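Based on the hints, put chain B in the right spot on chain A.
Protein chains: 2
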Amino acid sequence: MNPIGANTWIWISPLTDAGMAELVPKLAARGFDLAELPVENVGDWDPARAAEVLLKHGLGATVCAVMPPGRELVAADRKTIAATQDYLRSCVDAAATVGSGVVAGPLYSSVGRKWRVETAERRKLVRELAANLAPLAEYAGERGVRLAVEPLNRFETSLINTVDQAMEVVEAVESSTLGVLLDTFHMNIEERDLPAAIRSVGNRLFHFHACANDRGAPGADHLGWEGIAVALRDVGYDGAVVIESFTAENDAIATAAAVWRPLAASQDDLAADGLAFLRSALRDA
Amino acid sequence: MNPIGANTWIWISPLTDAGMAELVPKLAARGFDLAELPVENVGDWDPARAAEVLLKHGLGATVCAVMPPGRELVAADRKTIAATQDYLRSCVDAAATVGSGVVAGPLYSSVGRKWRVETAERRKLVRELAANLAPLAEYAGERGVRLAVEPLNRFETSLINTVDQAMEVVEAVESSTLGVLLDTFHMNIEERDLPAAIRSVGNRLFHFHACANDRGAPGADHLGWEGIAVALRDVGYDGAVVIESFTAENDAIATAAAVWRPLAASQDDLAADGLAFLRSALRDA
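Protein chains in written order, with the UniProt record's numbering: chain A, 1 to 285; chain B, 1 to 285.
Bound conformation, chain A alone:
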């Protein structure tokens, strides 16, 4: 059975040591298997200290990379790309320290950066991205960590919206430590058949985000969860299934994620309902 996690963005942003101290015991007490830890800025939280708190409460962890404007792996100057690679190496270090097998996120371009990309330009961008991801995949592999590239919906990027586009990058890099993160919220907008999208990623599925079509708790929505759970089983996915949502109470994260209304009676309810639903849906598959 897949370990089930919750992203700390459900409650806070940015994650800090104080937030870690509050949320790790709470998630453990609620029955989660792991906490997903965003690295908004290197140093916001101390990985060694986090590892201790996680160990104390018997909670696992996954790490997600955050790509605000200015973090770019393509179509940017060398200095920006080098700084983004440094940032991602720090994410890998943090993942290794807290025992996360993955660093996941839109590992290509900043969220919100969009421009029309013609076929020839896309080919060039994929080559450039592959060249800039390859050393990171190698760095991650040496530390027992894998990288997972996340397609985002069309309003958040124009570069990698679909599973096919993500797989194009994965195939260009040719590293066993580079794969894909799929998120049901984005897939709901971009993929015509969610189970088929999962199957086309196959054993390159390294991470999975589960939330409702409106970013609320998975289950109380119109997504075909039974088909999704069966597809995860069929591709042999045994990695984490993480509820990623965002609090509407925090100006920065609400605006970044376009969450303009509460998506549950409380954020605790969102997490609890999502956990109960996912346990049941994954067991039934």
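Everything labelled a hint here was simulated from the structure, so no lab data went into it.
Small disclaimer: the values here were computed from a predicted structure and weren't measured.
Where hints are given, some of them may not hold.
What the hints assert, rightly or not - Pairs of lysine to aspartate or glutamate, DMTMM-like flavour, derived with a Cα cap of 25 Å:
1) Lys124(B) <-> Asp251(A)
2) Lys114(A) <-> Asp251(B)
3) Lys114(B) <-> Asp251(A)
4) Lys114(A) <-> Glu249(B)
5) Lys124(A) <-> Glu249(B)
6) Lys124(B) <-> Glu72(B)
7) Lys124(B) <-> Glu249(A)
8) Lys114(B) <-> Asp164(A)
9) Lys114(B) <-> Glu249(A)
10) Lys114(A) <-> Glu40(B)
11) Lys124(A) <-> Asp164(A)
12) Lys124(A) <-> Glu171(B)
13) Lys56(A) <-> Asp268(A)
14) Lys114(B) <-> Glu22(B)
For chain B alone, coordinates are given in the frame of chain A:
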């Protein structure tokens, strides 16, 4: 059976007299009942001339209003709001001339304008919007036209994302000529139960946009079309069902609608496949 239409944005933007002369015969020949005509700028196309072309080819029409930055019915200075009301009155005039019973669109705020709206501010904005919409609903009613307010997804507005938020405005205006346009693309993101959302609008459903979850042809996607068609029948909706999609070939409209890839082998295919599917789905319900 509902008349089925196609929005001219599937092929061109902006719509002009020349575009009208090209697309009206084409849509009639393809078997559509009506063309949906966006008014990007008053004067882009001549309503009297359009009426002649439509009549000649036996095609009906619906009119949609377009809200780029600067067209605002709330939270703007009096001059901006008055100019937007003037624009919408021109849309109503155009609708009356071409025989459209509806002017539909996000009749509240420009597309892409987003800010966090707290409960007290929302109450104030709804009052302001109702006051600014009321004379327009009256103007429309006097000309046999109804206004339909369209909820947009969270990436395009923070003001009216859901059916409940749209109905709050409709109820505040208390006019028989103000109702709601529902669009499956936006509902897919914001509503947990699409048929229930349609039912909650009931007889205030004045217009309907049908497209796939990815803005492609309705039918070849993961939306529950059977339930949608049954809900339309259950609320007694006999208005137009219009395929709204956007060409990826036009820089302005592709960027405005975030369409970064073709959504069909050709735009003609998109329209033809969507039409065939909708005829069948609406008949079966």
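Here is how each hint holds up against the structure:
no. : hint                    : verdict
1   : Lys124(B) <-> Asp251(A) : 20 Å, holds
2   : Lys114(A) <-> Asp251(B) : 12 Å, holds
3   : Lys114(B) <-> Asp251(A) : 12 Å, holds
4   : Lys114(A) <-> Glu249(B) : 16 Å, holds
5   : Lys124(A) <-> Glu249(B) : 20 Å, holds
6   : Lys124(B) <-> Glu72(B)  : 15 Å, holds
7   : Lys124(B) <-> Glu249(A) : 20 Å, holds
8   : Lys114(B) <-> Asp164(A) : 31 Å, violated
9   : Lys114(B) <-> Glu249(A) : 16 Å, holds
10  : Lys114(A) <-> Glu40(B)  : 23 Å, holds
11  : Lys124(A) <-> Asp164(A) : 16 Å, holds
12  : Lys124(A) <-> Glu171(B) : 53 Å, violated
13  : Lys56(A) <-> Asp268(A)  : 22 Å, holds
14  : Lys114(B) <-> Glu22(B)  : 36 Å, violated
Going through the hint list in order, the structure does not satisfy hints 8, 12, 14.
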